[in-house]
Amino acid sequence: MTSILNPLASPLLQGHAMTVHSPDDSTRAPATSTAAPATADPKIKARGVKVFYGDKQALFDVDLDIPAKSVTAFIGPSGCGKSTFLRCINRMNDTIPSARVEGSILIDGADVNAKSVDPVVLRSRVGMVFQKPNPFPKTIFENVAYGPRIHGLATGKAELEAIVESSLKKAGLWNEVADRLHQPGTGLSGGQQQRLVIARAIAVSPEVILMDEPCSALDPIATAKIEELIDELRSQFCIVIVTHSMAQAARVSQRTAFFHLGKLVESGPTEEMFTNPRDSRTQDYITGRFG
Amino acid sequence: MTDANLGAAAPRQTLSAAEARLKKRHRAERLFKAQGVAAIIIAMIFLVVLVGRIVTQGYSTFQTHTLSVAVYLNPERIDTSDLSGVNYDYIVAEAVMKKLGVQDDDFGTISTKVQDLVSRDFGFQLLNKLKADQTLIGQTVTVTGPLKADADLYFKGQIERSTDEGDRKLDNQQLDWLDKLQKDGAITSGFNTGFFTHSDSTEPEQAGVLGAVVGSAMMLLITALISVPVGVLAAVYLEEFAPKNRWTDIIEVNINNLAAVPSIVYGLLGLALFINWLNVPRGSPLVGGLVLALMALPTVIIATRSALKAVPPSIREAALGVGASKTQTVFHHVLPLAMPGVMTGAILSLAHALGETAPLLMIGMVSFVPGVPEGFTSAATVLPVQVFIWENASERAFHERTAAAIIVLLVFMIVMNAAAVILRRRFERRW
Amino acid sequence: MLTWLSLIVLALFSSVAFAAGRRRAKTAAAGRARVLHSLPDYYGAYVALWAGIPAALLLLLGVMFGGRVEDAILQSTRPAAVQALEPDRQAVFYSDVRAIAAKQAPSEVVYEGEQKVALDAKVAEAQRIATLLNTGMLGGAGVLALAGFLLAFPRINPEFRARNRVEGWTSVLLIACSVAAVLTTLGIVMSLIWESWRFFQSVNPLSFLLGTEWSPQIAMRADQVASTGAFGAVPLFAGTFLIMLIAMLVAAPIGLYSAIYLSEYAGRTVRGVVKPLLEILAGVPTVVYGFFAALTVGPLFRSAFNAIGAALPPGPLATYLMEVQNQMALVAGVVMGIMLIPFVSSLSDDIINAVPQSLRDGSYAMGATKSETVKKVVLPAALPGIMAAMLLAVSRAVGETMIVTMAAGLQAKLTANPLDTVTTVTVQIVTLLTGDQEFDSPKTLSAFGLGLTLFVVTLTLNIVALRIVQKYREQYD
Chain A
1 MTSILNPLAS PLLQGHAMTV HSPDDSTRAP ATSTAAPATA DPKIKARGVK VFYGDKQALF
61 DVDLDIPAKS VTAFIGPSGC GKSTFLRCIN RMNDTIPSAR VEGSILIDGA DVNAKSVDPV
121 VLRSRVGMVF QKPNPFPKTI FENVAYGPRI HGLATGKAEL EAIVESSLKK AGLWNEVADR
181 LHQPGTGLSG GQQQRLVIAR AIAVSPEVIL MDEPCSALDP IATAKIEELI DELRSQFCIV
241 IVTHSMAQAA RVSQRTAFFH LGKLVESGPT EEMFTNPRDS RTQDYITGRF G
Chain B
1 MTDANLGAAA PRQTLSAAEA RLKKRHRAER LFKAQGVAAI IIAMIFLVVL VGRIVTQGYS
61 TFQTHTLSVA VYLNPERIDT SDLSGVNYDY IVAEAVMKKL GVQDDDFGTI STKVQDLVSR
121 DFGFQLLNKL KADQTLIGQT VTVTGPLKAD ADLYFKGQIE RSTDEGDRKL DNQQLDWLDK
181 LQKDGAITSG FNTGFFTHSD STEPEQAGVL GAVVGSAMML LITALISVPV GVLAAVYLEE
241 FAPKNRWTDI IEVNINNLAA VPSIVYGLLG LALFINWLNV PRGSPLVGGL VLALMALPTV
301 IIATRSALKA VPPSIREAAL GVGASKTQTV FHHVLPLAMP GVMTGAILSL AHALGETAPL
361 LMIGMVSFVP GVPEGFTSAA TVLPVQVFIW ENASERAFHE RTAAAIIVLL VFMIVMNAAA
421 VILRRRFERR W
Chain C
1 MLTWLSLIVL ALFSSVAFAA GRRRAKTAAA GRARVLHSLP DYYGAYVALW AGIPAALLLL
61 LGVMFGGRVE DAILQSTRPA AVQALEPDRQ AVFYSDVRAI AAKQAPSEVV YEGEQKVALD
121 AKVAEAQRIA TLLNTGMLGG AGVLALAGFL LAFPRINPEF RARNRVEGWT SVLLIACSVA
181 AVLTTLGIVM SLIWESWRFF QSVNPLSFLL GTEWSPQIAM RADQVASTGA FGAVPLFAGT
241 FLIMLIAMLV AAPIGLYSAI YLSEYAGRTV RGVVKPLLEI LAGVPTVVYG FFAALTVGPL
301 FRSAFNAIGA ALPPGPLATY LMEVQNQMAL VAGVVMGIML IPFVSSLSDD IINAVPQSLR
361 DGSYAMGATK SETVKKVVLP AALPGIMAAM LLAVSRAVGE TMIVTMAAGL QAKLTANPLD
421 TVTTVTVQIV TLLTGDQEFD SPKTLSAFGL GLTLFVVTLT LNIVALRIVQ KYREQYD
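Chains as they are written, first to last, in the working numbering: chain A, 1 to 291; chain B, 1 to 431; chain C, 1 to 477.
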């Protein structure tokens, strides 16, 4: 138990040690039957997560398990709390002064909200891609090299170049930008920018990648490319994607969670959710009665 | 699975290196934040020192010491045919000497030293009394007036006995006299009303800010009467009516640049244009107000434009929709709604104009003006210029008054700024 | 007085015209308001404007230029007795003529003999001209007012579009007001160029811009009029630059760091306290900073350096430090730096806040710390804007007058030593133009040469800076 007090010794950083979490969390029964554990060994395990913005509660008691090496989609009408929950996983809500998070989110068994956890370290393990592509106003190379540089992942120039190249290759962008690595990243097309941002995220070798409506600002062709990419990355990362397109959720995800009015209504394997939803609200949403 | 994650996460670093690196990053973070805090603290220290120094230098001006003395109006010394020519200062000195129980010597050294303690204001008071009523001659009247500035400073502890006698303005004998007068109860201390009811004077104890305050008010009136209407109407045209073309672009760039032109250049403009070309009297509130109006114009325009921009288009559409003309829309709806913002901007630019000094020096507003300005075209002085003039004076007592004049100036500016803030808070509308 | 009276009469006439126009419109409508194209008030205003404005403009022109016209006529013929006088005495003669004619106190010059005769003749002439001009002006105004009324009044009928006409007048007024700003610039440029041109007729512009000796006093002596060597402005430029540099060394880091702290780190309460306090610092008049520099910072620095000098082992440096004076460049520079802190801080704050939050989010999501985000993402993105803010601050520092006038010296020295006393362009302008100087000597005209240089430099800085800021804003809009 002492290890959790030291962020450097915590499993979150080291990535081994599995069972360090409070007995309270492990013994606690899921709040609803819909949040039954998906796998015996989830990568992310959320219990009783509540989020407040000032006096307003945006998220109510979310219990959810997210498995490793697969794609989990969050769906639901806008303002339903899916992005809010996503931002809890890497503690991006810390940057909003009025936000307050309660409950526990365990990654590999360690609570991300524990005092001892350094958000800086956490975020190097949990990457994020935003709704609108946000490359830094720097060159393509510098954009991808930014993470490895601040985390000191490369010892020399050659190594850094190798990381940049492999990240761009993984993001499927290498062939398009290999000859203009030193031109501004802001000069790329929207879809390319979003893949650049994904490359930037994978350059620090995260375990989890959070994607907040990554295709909402893109055209259908660029969207298809990103979806293809997500499918490829699934073999290496735990991917969580927020989307308002049910078709997209059906195409890319293995599991789906449906949020409504700040509550997690139901979660389960994607196929099951779309063919045989348990909750009537899910049914209504999927069939397009509201949203 | 977790082992694989470990491999993916930190393959290139040993654990201790990562730990050290993280520590270093957090140290850099704390250092950077500390630098920011330090910058804020330094800026705040500057503010505290600046204001604190001025208050500590100036507050003593608001207290003053007065002397009451019974003066025998000796008929031998008063020539009724030439009342103005009488040496009243000596009559006053005689009265004080009598009170002190000392005699003048043949060279008049004692009376001169006594006169160094008492303001010439006593003499003026006697003259005025006699002008009103000549029967007072031969009688004894009680006169109350200020001490000379150096004597006043002694009671305020700014001239100290411990200083070497040769290094201070008053010698030991004079200090003894002052102590004696105080012990007798002839000297009393009180609030310095004279500082607010007198204008500039060559004698520090008689110098006050009234003339400068009135001069500032007159000048600011001219500035407001010109810059506010012209600035607001110009902004209305540019924001609501002007077509977007090269000309209006030029006007816009021009206004933004005018706002950043050094104030002294406006002074040069005023000198060449108003004084040499249009023959407006030098150093008058009129010419000062004109120059400051030109200076305030761009800021008024910029403030008004942003206030107009804040009025949502739906208001304009609503007015046009019921058949109002463009002009009616603007003057009946848009401008009244923007008025709080306009007034706030106008007050702030006038407050800025109130503190401006350099352009006024250019247009000859540096002369000694011992009175309240008679009109808009007569010579005047204003508060910041009074500060500049007194700062140049060599007497120590003027330094104290300079700081006090600054306090008065700052109070006026704070009042104006507070008015602007209140106006903004009260009437600001969020769309 | 006469003008005021006539303006009041004109205002009365104009209101009568308003009432008349309104009445005529109402009568024409015969009680059916919808018949009228515009509201009755617009018809009244239309007549009132025609009756009042042209005449008022004439009166205004008379006030502004009457004196000049009078002067020109007066001086068109110069009696022999006056021509015998020196040029500057002739000017005194004419100013006395004007003063006596206007029943004000003339100068103390005593005129005798032929001069007295000439003076009396000219005074009589001046009074005659003044009467003539006044009658002409008043008569003209009366005719204009009446003509305006007679022109406008008969046009009133229900179909007449009075509102559109009045709005036409309004837009003329609006355009005139916005042109006032342009005229100000034009006035600045014209007056500076005109007076500088007169200066450069006696002093070579190149020797003014490149000369290294500045002593305008010498040129006042009769035998050395316009001695070119005395107007070399390089020491002034150097002094200005030195003080500006010191000021920026104080203001840039403190201002920038406080802007970063306020926009990126500070909570709402800290911002709520610190920002108004910084605004107070920004609102303090520069003459107050000058007082602070001259009577607090100056003596403080001097005694500090003197004490250091006394503590050092004897040598040239110790002797030098012990002789340092109040008026060193360092004092003016540091105090000017304090003045610029809130300026730099609020400009940088705006610029930093314009950097989109998405970039910060991107960086935080990568696991960057706040300072890494600021240093590697926010500041590089804000760099052009911050450079522009610094340029604007430099422009302020170069044009600042009161602090240097009160705290820097008058000696034009070419030095880079911050403990030495230097003088600046603005100090020299103030020194040359305060007090009573005759206006045409190269000494006073040189102030306009300096003013022109100052204007060109600050204008260039401002244009460049504002352009950068505009481009920067567009980038993130």
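It should be emphasised that the hints constitute simulated quantities derived from the structure, not laboratory data. As the structure is a computational prediction, the values presented were derived from the model and not from experiment. Cβ atoms here follow ideal geometry from the backbone N, Cα and C, with glycine treated the same way. There may be inaccurate statements among the hints.
[Said to hold, decoys possible] Dumping the calculated DSS-like pairs for lysine-lysine here, alpha-carbon to alpha-carbon at most 27 Å: (1) C:Lys370 / A:Lys157; (2) A:Lys225 / A:Lys56; (3) B:Lys244 / C:Lys370; (4) C:Lys471 / A:Lys170.
[To be verified] The calculated label-pair distances, taken between Cβ atoms and stated as ranges, are: (5) C:Lys26 / B:Val253: 54 to 60 Å; (6) B:Val421 / C:Leu206: 36 to 42 Å; (7) C:Val456 / B:Gly323: 24 to 30 Å; (8) B:Ile414 / A:Gln131: 16 to 22 Å; (9) C:Pro314 / B:Gln103: 52 to 58 Å.
Here is how each hint holds up against the structure:
1. C:Lys370 / A:Lys157: At roughly 25 Å apart (the allowed maximum being 27 Å), Lys157 (chain A) and Lys370 (chain C) satisfy the hint.
2. A:Lys225 / A:Lys56: violated, 38 Å
3. B:Lys244 / C:Lys370: Not OK: Lys244 (chain B) and Lys370 (chain C) at ~43 Å, beyond 27 Å, violated.
4. C:Lys471 / A:Lys170: violated, 36 Å
5. C:Lys26 / B:Val253: 54 to 60 Å: For Lys26 (chain C) and Val253 (chain B) the Cβ distance comes to about 48 Å; the hint is violated.
6. B:Val421 / C:Leu206: 36 to 42 Å: violated, 52 Å
7. C:Val456 / B:Gly323: 24 to 30 Å: violated, 51 Å
8. B:Ile414 / A:Gln131: 16 to 22 Å: violated, 47 Å
9. C:Pro314 / B:Gln103: 52 to 58 Å: At 55 Å between Cβs, range holds.
The structure fails to meet hints 2, 3, 4, 5, 6, 7 and 8 from the earlier list, while all remaining hints are met.
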